[in-house]
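The residues making up each chain are set out below.
Protein chains: 2
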Amino acid sequence: MSSIDWLAFSRALDKIQFIEKPKQVKRLSQDYYHFSPILQDLLADKQAKMIVQPKSEAEVITVVAACVQQNIPLTVRGAGTGNYGQCIPLEGGIVLDMSLMNKVDWFAPGVASVQPGVKLVDIDRVTRPSGWEIRMAPSTYRTATIGGFIGGGSGGIGSVTYGQLRDRGNLRAVRVVTMEDQPQVLELRGDEVYQVAHAYGTNGIITELEIPLAPAYAWAEVIVTFDDFMQAARFGQALGDADGLIKKLVTVFADPIPSYFAAFQDVIPSQSHCAFLMVSEESIAPLQELVREFQGSIVYEKSAEEASRGVAIYEYTWNHTTLHARAIDPNITYLQTLFPGDHDLNLVEHMYRHFGDEVMMHLEFMRVGGRATPAALQLLRYSTPERLQAIIQYHESQGAIIFNPHTYLLEDGGMKQVDVAQLRFKEKVDPYGLMNPGKMRAWQERWAEG
Amino acid sequence: MSSIDWLAFSRALDKIQFIEKPKQVKRLSQDYYHFSPILQDLLADKQAKMIVQPKSEAEVITVVAACVQQNIPLTVRGAGTGNYGQCIPLEGGIVLDMSLMNKVDWFAPGVASVQPGVKLVDIDRVTRPSGWEIRMAPSTYRTATIGGFIGGGSGGIGSVTYGQLRDRGNLRAVRVVTMEDQPQVLELRGDEVYQVAHAYGTNGIITELEIPLAPAYAWAEVIVTFDDFMQAARFGQALGDADGLIKKLVTVFADPIPSYFAAFQDVIPSQSHCAFLMVSEESIAPLQELVREFQGSIVYEKSAEEASRGVAIYEYTWNHTTLHARAIDPNITYLQTLFPGDHDLNLVEHMYRHFGDEVMMHLEFMRVGGRATPAALQLLRYSTPERLQAIIQYHESQGAIIFNPHTYLLEDGGMKQVDVAQLRFKEKVDPYGLMNPGKMRAWQERWAEG
Ligand SMILES: Cc1cc2nc3c(=O)[nH]c(=O)nc-3n(C[C@H](O)[C@H](O)[C@H](O)COP(=O)(O)OP(=O)(O)OC[C@H]3O[C@@H](n4cnc5c(N)ncnc54)[C@H](O)[C@@H]3O)c2cc1C
Ligand SMILES: Cc1cc2nc3c(=O)[nH]c(=O)nc-3n(C[C@H](O)[C@H](O)[C@H](O)COP(=O)(O)OP(=O)(O)OC[C@H]3O[C@@H](n4cnc5c(N)ncnc54)[C@H](O)[C@@H]3O)c2cc1C
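Residue numbers (the numbering used here), protein chains in the order written: chain H, 1 to 450; chain F, 1 to 450.
Next up, chain H with everything else stripped away, as it sits in the complex (with noise of 0.2 Å):
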């Protein structure tokens, strides 16, 4: 590391935009692993040594050759709302921050082609007026890039009706360029994508993305209370499983969780559990049918026109919900679950009442191989490290997933396994392991077994 010529490298990048000033270099470096106490301990003094914004694929090249021929790790970054220090250089270097390469270079009917550092929310601008939209998005939606999206994290808002990023058809195409010598441009297609794709910045650097969209319905809002926490789960599975409302976005609340919400402290009574969802607005009229079934009770709704204006529910949802609460409690952190597939959610209803106020029950529904299935993003009441795995591993003993936040690496935040097609793509676009060191476990693991 000491014998990087950074004068040298800084001359290399010509009239390509670079930042030094300590103080945007820090918070570049940064993103939101603070959600987790124990990334706050581990990351909280990794920082590059300079911050270069390429705008063109032409100036990734250039930036990339550069690094490569003095050794120097590259950590690529879209807004920086990862959670689990994605975008943090871990052994410094430099932060390649996408944000302006942020075009939409063309759409048609049901898919764009888009540059990696456009916000999502900039996406649908572009094509919402001629009726499209991206199929999903992460509450962060204002902020985040597609760039990001796609390499850092899973679904969201939209996942209820598409699954994840990770199923067939969900992401097109990828433009990628290589760390090697001679950087080389690559498009990958059709399954290779997954080879690029939620690998956290260490597989290439995206220059462009074709996804798909979707017919951009009018979306209304509606808050639904409910006396009874499973009751409110019931609904959110069984509205999960209604074939003919069309659904963007399917949340459930545990008393007390909707107390960390102050802008809707006047809307939802206390002491109530409750579901804030997105439906098109002809699906309003059957909706009212399944909350009578299920004895709910609607105590807000907006049209997809009053939507626009005004505090946005899904910004109170995935892990958006998690950000509330620590703003009013910052002792509280968060798990990411998958349930199994259960429609009487039977393990959901378990957790629940085995971990009553320790582990406040945050469901998001999504599809999961054809299934509306309940995803948990749980508040939880932070003590101990011990305590935090402990409530980790009975979770696992049941039979939930835990795709674990509280980790940097790659393969332990979800897949627990190492991912022999990324591996060996790895090898190919990046010989020297210079992007993102220390994410890949699989990488620094080769060595010892090979």
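A couple of the hints might just be wrong.
[Unchecked claim] Cβ-to-Cβ under 10 Å is the rule here; a few derived chain H residues that face chain F: (1) N102; (2) A173; (3) A216; (4) E293; (5) M366.
No lab work stands behind these hints, which were simulated from the structure alone. The structure displayed is predicted, hence computed values, not measured ones. C-beta atoms are modelled at their ideal positions from N, C-alpha and C, and glycine is treated no differently.
Keeping the supplied structure of chain H fixed, place chain F with the ligands upon it in accordance with the hints.
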């Protein structure tokens, strides 16, 4: 019956169009009941006295009042493409042919208000240029009316995404004229529509329908062949479960069914099992990956533009499969089966092997309670009524649900139990039991009990 004064009746019709020519009356008194060798014997001689063709709701009211006055049975007819004699007048009287009430009154994004006699294809003709289409249609799409589909149909092309007509949200509202001394016009919304939907025209005359519309994707047509039937079936299930692929039709045929399709003899190699598919054009690329995974071969592919001309593959699916097979071998009839949702398709496989060539497997995947589920319209080599009954019973004993297509009774065709809401509604709207008499078992049996 003998006391009906037909001259007085036709005078009461005033300027309303009617037909008395025997040949036309005969034709307009029949439907596709002859698919069933059982119904052939029961219904061949049934016939109305005259066919009345109203042009407006006001005319419907005039006809109804005149019928009630003289105690004349009234059987509503759309296009007469039903398979169970739904619109065959068992007790004579008049057939009310709705085909002249055939306008799309208005439509907006996601919803349309239409008259009952409009053909399904003509709704799409009006709405498609704005990007919308009906959610589902029977394979008789080009001839069937929306009133007849709601009155006697169940689902079809589109059901793999939106479920069936009976699923909440797939019918928004109906206006019905009651058959009372003073006919009323009722508007039903929400769950109340099911008092009239799928009632075989025994519960009021639908004069207007508000239906949801689906986004009109550019639908490509694809045929995939497989060496092994179960491989084809599992592929169908996987496609049904693929949340990231947009689909409208997932049909699977066991060999020798494709050999009945003259139009595809050059396309489908003999002795192969195959899938007939409609997917959105953007889904073709991920579909190819799925086909590869299941070792299928794509032998036919048409873009949406190409599919708008020539043979349409949907006209080989659903009950059109039976039509084509019967054109070659009139001894063939069919079953209608719902297999239990089971990812491994064990019962499908069991029946496939158990009956061999006597019951040729034809699967239609549709969503049932949120899951892609195999329904079947198996082709059956007919021998005797007893054998047919034994085959049905064997299916039921193994856990498959049979919707018997060999009965004209409303309840016996499907639910096998009396729909109390429909019965109560009938008592209000058709107190004299004049509507399509003989079709609702509950109405007949009511006296036995009461
Ligand atoms: C309050 C809150 C709510 C959230 N809700 C959700 C949610 O609902 N669903 C969800 O999935 N996530 C959620 N997240 C996580 C995160 O916001 C999203 O995944 C978001 O899409 C990340 O986008 P970004 O632009 O901020 O990416 P970044 O954080 O900047 O980057 C994410 C990863 O992608 C890599 N990357 C970025 N650009 C590229 C590129 N061009 N080429 C290759 N790799 C690249 C980075 O190296 C990094 O590893 C949430 C986070 C917060 C703080
Ligand atoms: C080859 C073939 C394929 C088929 N495929 C399918 C399929 O895929 N899915 C499916 O569901 N069906 C299918 N069917 C059955 C039938 O074609 C459809 O259900 C079709 O929608 C019926 O429409 P129709 O206008 O012909 O109705 P009709 O046969 O004229 O009427 C059907 C029933 O509705 C009642 N009815 C009609 N209009 C009104 C009204 N205005 N008010 C009240 N009641 C009314 C009638 O009294 C009758 O009981 C098929 C039939 C054939 C012959």
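> Hint numbers the structure violates, sorted upward?
Replying inline: Going through the list in order, the structure violates hint 1 alone and respects the others.
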